[in-house]
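Participant: Our numbering applies: residue 53 is where the sequence shown begins, and numbers increase by one.
These are calculated hints, taken from the structure and not from any lab test. Glycine included, C-beta positions come from ideal geometry on N, C-alpha and C. Don't take each hint at face value.
[Stated by the list, open to error] In silico SDA-like links for lysine to any residue, alpha-carbon gap of 25 angstroms or less:
1) Lys129 / Leu142
2) Lys72 / Thr58
3) Lys72 / Ala159
4) Lys129 / Glu62
5) Lys129 / Thr82
6) Lys72 / Arg193
7) Lys129 / Pro111
8) Lys129 / Phe85
9) Lys72 / Gly101
10) Lys129 / Val84
11) Lys129 / Arg99
[Claimed, not checked] Derived DEER-like restraints, expressed as beta-carbon distance ranges:
12) His185 / Arg63: 17 to 23 angstroms
13) His113 / Lys72: 29 to 35 angstroms
14) Arg66 / Arg146: 31 to 37 angstroms
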Amino acid sequence: DGLDATDVAERLVRRALSEKLEIEALLTDTVVFAGFNILDPIELHYRLGLPVIVVYWYPSHREAVERALQLHFSDWKRRLGVMEEVWNRLRYVRCRRGGLLVAVYGADYAYAWSLVCNLQLFTRHPEPLFTAHRTASMLSRALGPFKDN
53 DGLDATDVAE RLVRRALSEK LEIEALLTDT VVFAGFNILD PIELHYRLGL PVIVVYWYPS
113 HREAVERALQ LHFSDWKRRL GVMEEVWNRL RYVRCRRGGL LVAVYGADYA YAWSLVCNLQ
173 LFTRHPEPLF TAHRTASMLS RALGPFKDN
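Given these sequences and hints, build the entire structure.
Facilitator: Given below as structure tokens:
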């Protein structure tokens with residue numbers, strides 16, 4: 053529930069780049085991690101100079117998100133502001149395996165459309181995001197709940 057998702061993402065990408073990995077763009081299927089830890093795609097693009105593409109399968113339930121934020125966070129307006137900026141930027145892209153909603157930072161929508169549609173191999177989800185979800189789910193089940201001792 054912290055506010056370090058942008059910092060963590062930046063560190064991960066910088067480490068990958070230091071290992072000489074080539075990164076064309078950053079794909080994420082949300083800006084909300086581990087509760088309501090918010091990744092700011094504008095800030096991440098600014099820091100790294102790489103395009104950031106946020107992919108949603110379905111529109112978010114804005115009112116429910118706002119209520120949850122108000123209930124649990126004194127800085128709810130800050131968190132909601134980042135999410136609303138992303139939601140307002142979302143555009144529908146039609147792909148061969150199904151449409152997606154994308155918000156793009158540091159590139160144009162034609163580039164994002166081409167990238168996410170070409171990454172749909174077997175499902176509507178772009179393959180890197182699909183694989184990341186599967187891996188995280190398997191690890192979560194195998195390792196069980198995290199306990200901070």
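Participant: All hints, please: hold or fail.
Facilitator: Checked hints:
no., hint, in the structure
1, Lys129 / Leu142, "20 angstroms, holds"
2, Lys72 / Thr58, "21 angstroms, holds"
3, Lys72 / Ala159, "22 angstroms, holds"
4, Lys129 / Glu62, "23 angstroms, holds"
5, Lys129 / Thr82, "18 angstroms, holds"
6, Lys72 / Arg193, "32 angstroms, violated"
7, Lys129 / Pro111, "20 angstroms, holds"
8, Lys129 / Phe85, "17 angstroms, holds"
9, Lys72 / Gly101, "16 angstroms, holds"
10, Lys129 / Val84, "14 angstroms, holds"
11, Lys129 / Arg99, "23 angstroms, holds"
12, His185 / Arg63: 17 to 23 angstroms, "22 angstroms, holds"
13, His113 / Lys72: 29 to 35 angstroms, "41 angstroms, violated"
14, Arg66 / Arg146: 31 to 37 angstroms, "34 angstroms, holds"
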